[in-house]
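A.B. asks: If you're matching positions, the sequence shown starts at 0 in numbering that gives the first Met the number 0 and goes up one per residue.
Think of the hints as simulated: they come from the structure by calculation, not from any bench. Note that the coordinates shown come from a computational prediction; the quantities given were computed from them, not determined experimentally. Some hints here could point you the wrong way.
[Claimed, not checked] Pairwise CB distance ranges (calculated):
(1) THR120 - ARG48: 32 to 42 Å
(2) GLY1 - ALA37: 18 to 28 Å
(3) ASP124 - ALA16: 30 to 40 Å
(4) VAL70 - ARG31: 17 to 27 Å
(5) LEU73 - SER50: 16 to 26 Å
(6) SER30 - GLY66: 18 to 28 Å
(7) LYS89 - GLY17: 15 to 25 Å
(8) ASP61 - GLY1: 36 to 46 Å
(9) PHE131 - LEU73: 29 to 39 Å
(10) GLY80 - ALA16: 28 to 38 Å
(11) ALA87 - ASP61: 14 to 24 Å
(12) LYS81 - GLN135: 18 to 28 Å
All residues carry an ideal CB built from backbone N, CA and C; glycine is no exception.
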Amino acid sequence: MGPVVLDTSIYIAALRAGSNALLQLRRFTPSRVVWLSAVVLEELYAGVRPSDLHVIERLEHDFDRVGRVLVPNLNDWASAGKVLARLATKYDYEQIGRARLANDALLAMSAARHGMTLVTTNARDFARLASFRPFQWQVSTTLP
């Protein structure tokens, strides 16, 4: 099985399950090489409770130390914009709808570039994105 990148929704579920989120995530993906997306890291920092800040900082440190931080490149940004434009045309999304999906699109495009499987709890949005730019993704039914 190839490498995976976890969506923010997976980390949030782990944080809600308890303070030892990193250990829980290791058990959740024991046979897969896990990467941390810089997009997910930004979302985690933006929404973290002060009491959990140290968990996110540790997460960042651990993934950076082993060189497994997935950072979108120019092509990922451009592909995300193109997918969002096509999605907006098909579903008549207003500007706010596209903005809400921007991080998900960027995460999906960068995962696709590296052939990684994106694991999420957000089936609806990623299914729509995948209909415009195929990428490997799966919905998690067993959360940490």
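A.B. asks: State the violated hints by number, sorted upward, taking the hints as numbered earlier in the document.
C.D. replies: Those not satisfied are hints 1, 3, 5, 7, 8, 9, 11.
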